[in-house]
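Q: The lines below spell out each chain.
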Amino acid sequence: MDIAAPIVLEVKDLHAYLYTRWGVVRAVDGVSFALREGETLGLVGESGCGKTMTGLSVLRLLPEPAGRIVQGQVLLEGEDLVTKSEAEMRRVRGRRISMILQDPQTSLNPVFTIGDQLVEALRMLHVDGKPALAHRAEEALRRVKVAAPEQRMRAYPHQMSGGMKQRVVGAIAVAGEPRVLIADEPTTALDVTIQLQYLALLKEMQARTRLAMLFITHDFGIVARMCDRVAVMYAGRIVESGPTRALFRAPRHPYTEALMASVPRMEASVERLPSIEGQPPSLHDLPIGCRFAPRCRYADDRCRHEYPPTLPVGVAHEAACWRVEPSPPSR
Amino acid sequence: MLESRAIAAEPLIRVENLTKHFPVTRGLLIARTTGQVKAVDGVSFTIGRQETLGLVGESGCGKTTTSRLLLRLERPTAGRVLLEGRDVHALTGADLSQYHTRVQAVFQDPWSSLNPRLRVRDTIAEALVVNRRVSKSGRLERVEEVLHQVGLPLAAASRYPHEFSGGQRQRIALASALASDPELIVLDEPVSALDVSIRAQIMNLLKDLQARQQLSYLLVAHNLATVRYIAHRTAVMYLGRIVEHADTESLYRSPLHPYTKALFAAALPADPDAPRDDMILSGEVPSPIDPPSGCHFHPRCPFAMEQCSRVEPLLKAVTPEHVVACHLY
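In the order they appear, the protein sequences are chains Z and P.
Per my numbering, the first sequence runs over residues 1 to 331.
Per my numbering, the second sequence runs over residues 1001 to 1329.
The following block holds chain P by itself, in its conformation from the complex (with noise of 0.2 Å):
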C-alpha cells in the first residue's frame, strides 16, 4: 500500500480494507434481504499530517460512503478506520467526544449544512459546547477567533445563515468545522454547489488554513480540476474500490488505468485548441448491487483482456508512489 510522505510512524488516518454493504430488501412487513450493494468493497489508504487525500470517481463510485465511514455516519460491513492507531468505530466516552474534536466535516451545501434557526456565533459555538467544556467568554472568544481565520467580519456572529451568500455559508461552515481546533476535516464536495468566481476563493482559503493550522483533508469531489489543485495524493474509485490511486501529480501526467484515462479525458480542458484524444466510454456504470465479476470495469475497458472477467486486478505498484488495479501493468 502506498505510504504517504509527511509521516515519521504512524500517519493521522489509516484505512484498511474498509467494506461497507448495504442490503437490498423487498417487501414492508416481512422484509427479505435480496442482495447486497457494495458501496465500498476492501478500501485502504492513509491520510498523513498536513495533508491532503483526493478522492475522485462517478456518483455511485462510494466515494461519499467512505467519507461517512471515517466520520462514524456509518458502521463499517469490515475493515477498520485506525486515527492514530486506534479504531475509531470501538471508541466511546471521553475517547469518542476527543474523535469528535479531531475530526470535522464541511458538506456540499451550505444551505442545508446551516441550522436556519441559530445564529451564526450560536451554530460555531455548537461544537464547542458538545465536545469541549468551554467557559462562555471562552466561548464568544473562540468564535470570534475563527471567524478571522476564514475570513468573515465580527458582526456576522449575531446574524442568521439567510443573512448570507453561498460562499459566505460555506465559510461559516468552515468556521464552525474549526471551532473545535481539529486535525482532520472531511471535505465532501466543498465547493460544486458554488459559483465559479467564489470557488478559487474557498480553494484558496481551504489551502491557507492547511499551512496554518497544520490540517489534513480528505477531500471527495467529483471536479477533477480542484482535486488537482488541493489534493497531495488522489485515489481514483470505481464501484467501490480503489483503482488507482498515487501523488496527484503523477496521476494527473500520466494515468494509468483505463478508467483514470476514460475519465481524465471526459474533463474538458478550458481550451478550444486543446488535443481531443476522446476515449468516450460505452455504457453506463453498473449496478453496485451485482457488480461485474473480475475487474468492475472490464465490460467498459477499450483493453479487456479474457483473464480481466475472471481475476480481480490487485492494487500494483508501478512507481513507489503509484498503484494501480489492472492486468495491464
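Excised from the complex, chain Z in its bound form (with noise of 0.2 Å):
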C-alpha cells in the first residue's frame, strides 16, 4: 500500500436510509472511509449490516423507490456523486466506478451471446464500428484468460461454467477502465479452487491500471489474502478499521475479535470454538447505544445508553467502543 497514493473516492458520513412499510431500515448509518490509487479496501460483516448498501450507494444504485441516501457526501476524485444527475451518474457508472456482483449468472443477459453482452457494453465507451468492437470485445476476453475468445464470443451464458461467467463480468467492469471497482462478494459463488483463480485475476487487472478496490465479503481468508486495509460493519457502522495486519494481529473492537475468534481454521484443529451468542439487531429497531452491547460480552450501562466514538487506537487504526485506550495518532 502507498500511503502517498492521491485518494481516488471518500466517502463520507454516509447515511442510506430504505423507506418501507414496516418502518425506516437504516441500512447505512454514518459510514465514513477513503481509498487510495491501487488499494484495496475491505468492507466485512455479516448478511445485513449494511456493506452491500454502502456499495450500491457509492453508484447511487439503491433499490427504488425504498432507498434514498439522505446524508453525506461521496467524492469520486473531489467530485460530489450524491448531487448529480441521473444522467450525470450514467457516464460515472462503468467508466470511473464500476462493480462486480456476486451471482455472474444475474449480471449477464441469459438470452444474449457474450460478444453482444461485451459489445454492448464496449459501445457506450467507444465511438467504432462494429467489427473493430467485436475486436476489442475479444481482446477484453483474453484479458481476462478466457480461453479460445472467438468461440466464446458466440456462446450463451448458460453455456459456461459459473468461473468464465464471473470472468466475463470481469472483463465488462473494466472494460472502462473506471479508478474504481467495487467488488460485492465476487466469489462466493464459485469453488474454491477456481475462487483462487479469480482472485489472482482481480490482483493483475488492479495492478494494470492502479485500480482503487472496495471488497465486499464476509471471508476473513479472502480479507487476509487480498487488503491492504480492513473496515469492519456491524448493523449500518463501521465499528473498526485499520491496516489488516494490524487488525487480524490485534483486533480493537470486542466484534471483531469475537468474530475472528468464531471463525474454524484450516490449519489448527480446536475443541470448541467460541461463539458470539444472540443475533445482529434489527436495522429498523436499533438498540440507542452500541449496536453491539446486547451481544458483547464486556458491555456496561454506558455501552447500552450512549453510542461510542471513533477513536485511533494505531497508525491508521481506529475503533469505535467506550473500552479502547485511545493512543495519539502516532505519524
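No lab work stands behind these hints: they were computed from the structure.
By construction, the Cβ of each residue, glycine as well, lies at the ideal position given by its N, Cα and C atoms.
Keep in mind that a hint or two might mislead.
[What the hints assert, rightly or not] The calculated lysine-lysine pairs, modelled on DSSO-like cross-linking and capped at a C-alpha distance of 27 Å, are:
{"hint": "1", "chain 1": "Z", "residue 1": "Lys203", "chain 2": "Z", "residue 2": "Lys145"}
{"hint": "2", "chain 1": "Z", "residue 1": "Lys12", "chain 2": "Z", "residue 2": "Lys84"}
{"hint": "3", "chain 1": "P", "residue 1": "Lys1261", "chain 2": "P", "residue 2": "Lys1316"}
{"hint": "4", "chain 1": "Z", "residue 1": "Lys145", "chain 2": "P", "residue 2": "Lys1261"}
{"hint": "5", "chain 1": "P", "residue 1": "Lys1261", "chain 2": "Z", "residue 2": "Lys203"}
{"hint": "6", "chain 1": "Z", "residue 1": "Lys130", "chain 2": "Z", "residue 2": "Lys145"}
[Stated by the list, open to error] Incomplete in silico selection of chain Z near chain P, CB under 10 Å:
{"hint": "7", "residue": "Tyr19"}
{"hint": "8", "residue": "Phe33"}
{"hint": "9", "residue": "Leu125"}
{"hint": "10", "residue": "Gly129"}
{"hint": "11", "residue": "Ala147"}
{"hint": "12", "residue": "Ala148"}
{"hint": "13", "residue": "Gln195"}
{"hint": "14", "residue": "His218"}
{"hint": "15", "residue": "Ile222"}
{"hint": "16", "residue": "Ala258"}
{"hint": "17", "residue": "Met260"}
{"hint": "18", "residue": "Ala261"}
{"hint": "19", "residue": "Ser262"}
{"hint": "20", "residue": "Ser269"}
{"hint": "21", "residue": "Pro274"}
{"hint": "22", "residue": "Glu277"}
[Claimed, not checked] Pairwise CB distance ranges, derived in the manner of DEER restraints:
{"hint": "23", "chain 1": "P", "residue 1": "Arg1032", "chain 2": "Z", "residue 2": "Phe112", "range": "28 to 34 Å"}
{"hint": "24", "chain 1": "P", "residue 1": "Gly1035", "chain 2": "Z", "residue 2": "Leu125", "range": "38 to 44 Å"}
{"hint": "25", "chain 1": "P", "residue 1": "Asn1115", "chain 2": "Z", "residue 2": "Ala34", "range": "47 to 53 Å"}
{"hint": "26", "chain 1": "P", "residue 1": "Lys1316", "chain 2": "Z", "residue 2": "Pro274", "range": "35 to 41 Å"}
{"hint": "27", "chain 1": "P", "residue 1": "Lys1316", "chain 2": "Z", "residue 2": "Leu61", "range": "50 to 56 Å"}
{"hint": "28", "chain 1": "P", "residue 1": "Val1024", "chain 2": "Z", "residue 2": "Asp80", "range": "54 to 60 Å"}
{"hint": "29", "chain 1": "P", "residue 1": "Leu1073", "chain 2": "Z", "residue 2": "Pro294", "range": "36 to 42 Å"}
{"hint": "30", "chain 1": "P", "residue 1": "Glu1306", "chain 2": "Z", "residue 2": "Arg210", "range": "20 to 26 Å"}
Hints given; two lone chains; assemble the complex.
A: What follows is the structure, given as C-alpha cells:
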C-alpha cells in the first residue's frame, strides 16, 4: 500500500435509509472511509450489516423507490456523486466506477451471447464500427484469460461455467478502465479452486491500471489475502478499521475480536469454538447505545446508553468502543 | 478399506461400491440416451457410532448425490448402503418406516426446508406422526424435549418459521430431525447459509448433540475448516470418486493426493502472514458426463505421469488410517 497515493474515492458520513411499510431501515448509518489509488479496502460484515448498501450507495443504485441517501458525501476524485443527476451518474458508472456482483448468473443477460453483451458495454465507451468493437471485445476476453475467446464470443451465458461467467463480468467491469472497482462478494458463488484463480485475476487487473478496489466480503480468508486495509461493519456502521495485519494481529473492537475467534481454522484443530450468542439487531429497531452491546461480553451501562466515539488505536487504526484506550495518532 | 475406530463389530453405516449414473437424454417425445452423468462412481466408506464422516469436494463431485443415496432419495445404479448390515434400498413395510426413524437429515437452506404453513410444533411432530405411532400428549412432550435440546424456548412451538432468523430455523430443522430419536443425521451443508457469527453456535450445538444423543453424522460440506472442526474422518471426492480418505487430523496435517493439496491450498487461511504455497490449478473440473480416462484428475495434476492417463489408481493404505488413490504412492 502506498500512503502517498492520491485518494480516489472518499465517503463521508454516509447515511442511506430504506423507507418501507414496516418503518425506516437504517441500512447505512454514518459510514466514512477513503480509498487510495491501487489500494484494496475490505468491507467486512455479516448479512444485513449494510456493506452491500454502502457499495450500492456509492454508485447511486439503491433500490427504488425505498432507498434514499439522506446525508453525507461520496467524493470521486473530489466530485460529490450524491448531488449528481441520473444522466451524469450514467457517465460515471462503468467508466469511473464499476461493480462486480456475487452471482454472475444474474449479472449477464441469458438471451444474448457473451459477444453481444461485451460489445454493448464497449459501445458506451468507444465510437467504433462493429468489427472494431468485436475485436476489442475479444481482446477484453483474452485479458481476463478466457480460453478460446473467438468461440466464446458466440456462446450464451448458460454454456459457460460460473467461473468463466464471472470472468466475463470482470471483463465488462474493467472495459471502461474505471478508477474504482466495487467487488461485492465476487467469489461466493465459485468453488474454492476457481475462487483462487479469480482472486489472482482481480489482483492482476488492479495492478495494470492501479485500480482502487472496495472488496465487500464476509470471508476473513479473502480479506487476509486481498486487502491492504479492512473496515468491519456492524448494524450499519463501521466499528473498526485499520491496516489488515494490525487488525488481524490485534483486533480492538470486541465484535471484530469475537467474530475472528468464532471462525474455524483450516490450519489448527480446536476443541470448542467461542461463539457469539444472540444475533444482530434489526435495522429498523436499533438499540440506542452501542449496537453490539446486547451481544458483547464486556458491555456495561454506558455501552447500552451512548454510542461510542470512533477513536484512534494505532497507526491508521480506529475503533468505536468505549473500552479502547485511545492512543495518539503517531505519524 | 478404512475401518472406523469406534466399532467392535458392524459399523452403523457401510457403503459398498456405491454408484449412481444419471442418463443424459436428447429429444422430447422420443428420448434417446446419449450419455451418463457419473455422479457417484464406486464409493465405499463406513460410519461408526458417534462418529462424524466429512465428505468434501467441489460442486459436482458427487458428495450431495452420495448423501441422497444414503437417505433413499435416489436409487443406486450399483452398490449398496447397509444400515447395520441391512441393505436400505431393499427395505419394505415396518423395516422401512423404522429406517426413517433411524436416519434423518438437515439441509443447507433453512428457508426452504421448513413448511411455512405449519407451526413449529407440527413440523417437529410430523416425523413422529408418520414414523412412530405416538399419542397426542406424548407427541407434545417430545416436541418440548427436542426444542429444549436445540436451545429454543418452549414458546417457539406455536410460532411459524417466518418468525425466526436463519440460525433459529436451522435449530428447528435440527429439532425435527431429532424428534424420532435417530442414530444417523445426514448434514448437507448445515451452516453454509448462515451468518458467520451464527455458524459457531450451530457447529457447537451439533457437537454437543452428538455427545449427548450418541449420534452419527455424515457431514457434506465444501468449507474445509467446518469439516476439520466437526468431522472425525474425512473423505475427499473428485468427479464421483473418493481420492483420499483419512482421519481428519492426519488428512489436514499431511494431505497426500495432489487434488487434496490443491484444494487445501486454495482455502485461504484467515491470517495475512500465513505462508502462501499457492498451487493454483489450471482449468476447471471436467464434465462428469465424459470424465478423463485413468485418474480423473490427471489433466489438471502438476505431477501427472504417463500411466495416470491410462490406469485408474486404486485406493491404497499409506498408513492404516490414511488411504489415497494416486500413482505417486
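Q: For each hint, tell me whether it holds in the structure or not.
A: Status of each hint after checking the structure:
1. Z:Lys203 x Z:Lys145: holds, 13 Å
2. Z:Lys12 x Z:Lys84: Within the cut-off at roughly 16 Å; holds.
3. P:Lys1261 x P:Lys1316: holds, 17 Å
4. Z:Lys145 x P:Lys1261: holds, 24 Å
5. P:Lys1261 x Z:Lys203: Since the Cα atoms of P:Lys1261 and Z:Lys203 sit roughly 23 Å apart, the hinted pair holds (cutoff 27 Å).
6. Z:Lys130 x Z:Lys145: holds, 23 Å
7. Tyr19: Violated, about 22 Å.
8. Phe33: Z:Phe33 check fails; min Cβ-Cβ to chain P is 19 Å, beyond 10 Å.
9. Leu125: violated, 30 Å
10. Gly129: With a minimum Cβ separation of about 35 Å from chain P (threshold 10 Å), the hint on Z:Gly129 is violated.
11. Ala147: Holds, about 8 Å.
12. Ala148: Where the cut-off is 10 Å and the nearest Cβ of chain P is about 12 Å from Z:Ala148, the hint is violated.
13. Gln195: OK, holds: Z:Gln195 within 10 Å of chain P, min 7 Å.
14. His218: holds, 5 Å
15. Ile222: holds, 6 Å
16. Ala258: holds, 7 Å
17. Met260: holds, 7 Å
18. Ala261: holds, 8 Å
19. Ser262: Cβ of Z:Ser262 sits 4 Å from chain P, so the hint holds.
20. Ser269: holds, 6 Å
21. Pro274: holds, 7 Å
22. Glu277: Result: holds, 7 Å to nearest chain P Cβ.
23. P:Arg1032 x Z:Phe112: 28 to 34 Å: holds, 30 Å
24. P:Gly1035 x Z:Leu125: 38 to 44 Å: Holds: the Cβ-Cβ distance is about 43 Å, inside 38 to 44 Å.
25. P:Asn1115 x Z:Ala34: 47 to 53 Å: Once the Cβ atoms are compared, 49 Å apart, the range 47 to 53 Å for Z:Ala34 and P:Asn1115 holds.
26. P:Lys1316 x Z:Pro274: 35 to 41 Å: Holds, since P:Lys1316 and Z:Pro274 (Cβ atoms, about 40 Å apart) stay within the stated range.
27. P:Lys1316 x Z:Leu61: 50 to 56 Å: With Cβ atoms ~55 Å apart, the hint holds.
28. P:Val1024 x Z:Asp80: 54 to 60 Å: holds, 56 Å
29. P:Leu1073 x Z:Pro294: 36 to 42 Å: holds, 41 Å
30. P:Glu1306 x Z:Arg210: 20 to 26 Å: violated, 46 Å
The structure fails hints 7, 8, 9, 10, 12 and 30 (numbered hints given earlier, in ascending order).
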